[in-house]
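Visitor: Count the sequence shown with my numbering and you get residues 1 to 264, in order.
Keep in mind that the hints are not guaranteed to be accurate.
Unchecked claim - In silico DSS-like pairs for lysine-lysine, Cα to Cα no more than 30 Å straight-line:
#, residue 1, residue 2
1, Lys59, Lys173
2, Lys59, Lys147
3, Lys173, Lys147
Quick caveat, the hints were computed from the structure, so don't treat them as lab data.
Given the structure is predicted, the values throughout are model-derived calculations rather than measurements.
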Amino acid sequence: MRYELHDSRVLTWSLEAHVTTHCNLRCVQCCPLSPHLPAWAVTPEALGEDLRKLARVLKPNVFKLTGGEPFLHPDLPAVLDAVRASGICEQVSITTNGFLAQSAPDAVYERLDRMTLSVYTSAPLPERSIVRITERCERHGVHLTVKSIDAFQRITPDAPLDSDAEVQDVFAKCWLKHRCHLVYQGRFFTCTRPPHVATVLAARHPHLPALAEADGLPLDGPDLLTRLLAYLERDTPLATCRHCLGSSGPWEPHAQLPRPGASP
Numbered sequence: 001m002r003y004e005l006h007d008s009r010v011l012t013w014s015l016e017a018h019v020t021t022h023c024n025l026r027c028v029q030c031c032p033l034s035p036h037l038p039a040w041a042v043t044p045e046a047l048g049e050d051l052r053k054l055a056r057v058l059k060p061n062v063f064k065l066t067g068g069e070p071f072l073h074p075d076l077p078a079v080l081d082a083v084r085a086s087g088i089c090e091q092v093s094i095t096t097n098g099f100l101a102q103s104a105p106d107a108v109y110e111r112l113d114r115m116t117l118s119v120y121t122s123a124p125l126p127e128r129s130i131v132r133i134t135e136r137c138e139r140h141g142v143h144l145t146v147k148s149i150d151a152f153q154r155i156t157p158d159a160p161l162d163s164d165a166e167v168q169d170v171f172a173k174c175w176l177k178h179r180c181h182l183v184y185q186g187r188f189f190t191c192t193r194p195p196h197v198a199t200v201l202a203a204r205h206p207h208l209p210a211l212a213e214a215d216g217l218p219l220d221g222p223d224l225l226t227r228l229l230a231y232l233e234r235d236t237p238l239a240t241c242r243h244c245l246g247s248s249g250p251w252e253p254h255a256q257l258p259r260p261g262a263s264p
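Work the whole structure out from these sequences, hints included.
Guide: As structure tokens, then:
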């Protein structure tokens, strides 16, 4: 994959930020591993600072607020203001399961261009909630996409991949590295997995390296544009790829993990 430049900025499909890591659902095979992570929310100041650095060298088509569930953030309007002020992108979107979006303040809708509403068969959003969200998006000029999802692709293997050839194959076939670019805590990632895999697997694999450091591109330092291009156009897998199936895993029916302490 080779990337084009415009006014010394790399043109990409999208950039996203996990504005929260926790979620009100517990989807099996959640790509960012939300059910297994502690609650966390980005500060508008920290996200704004990261985006200002990236905006000098990166021009995504759309910026996505994701999670976790982004509507769990305690101050989404301030986060959206920080995104706008950074100049990273003209199109600002949010991805949500919808359960909290219907009652969010108007200040959130006023600051959005797009919303992707993921409706899961394992945790169906009531039709009246979809209607309510649709009405609010129409009122505020937010383009709404409703995605009905009845299956997830298995992305976390039962054990680390054995061979380098298998890891290389997963990396070569993976579309996440082109469509799911992430900014998180001062680093740019080619996909959403590296910041969280080590956190989740550390108990089972105590010698696992700090994958967020190994696989993330620091935003501080000289020649960010040169480093960013080299990182995006690399042919070698990330360290995280050994612990990920990328887009090569089998499809499985969508399901929810039990709540901690729930009866079997």
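Visitor: Hint by hint, which ones does the structure fall short of?
Guide: none
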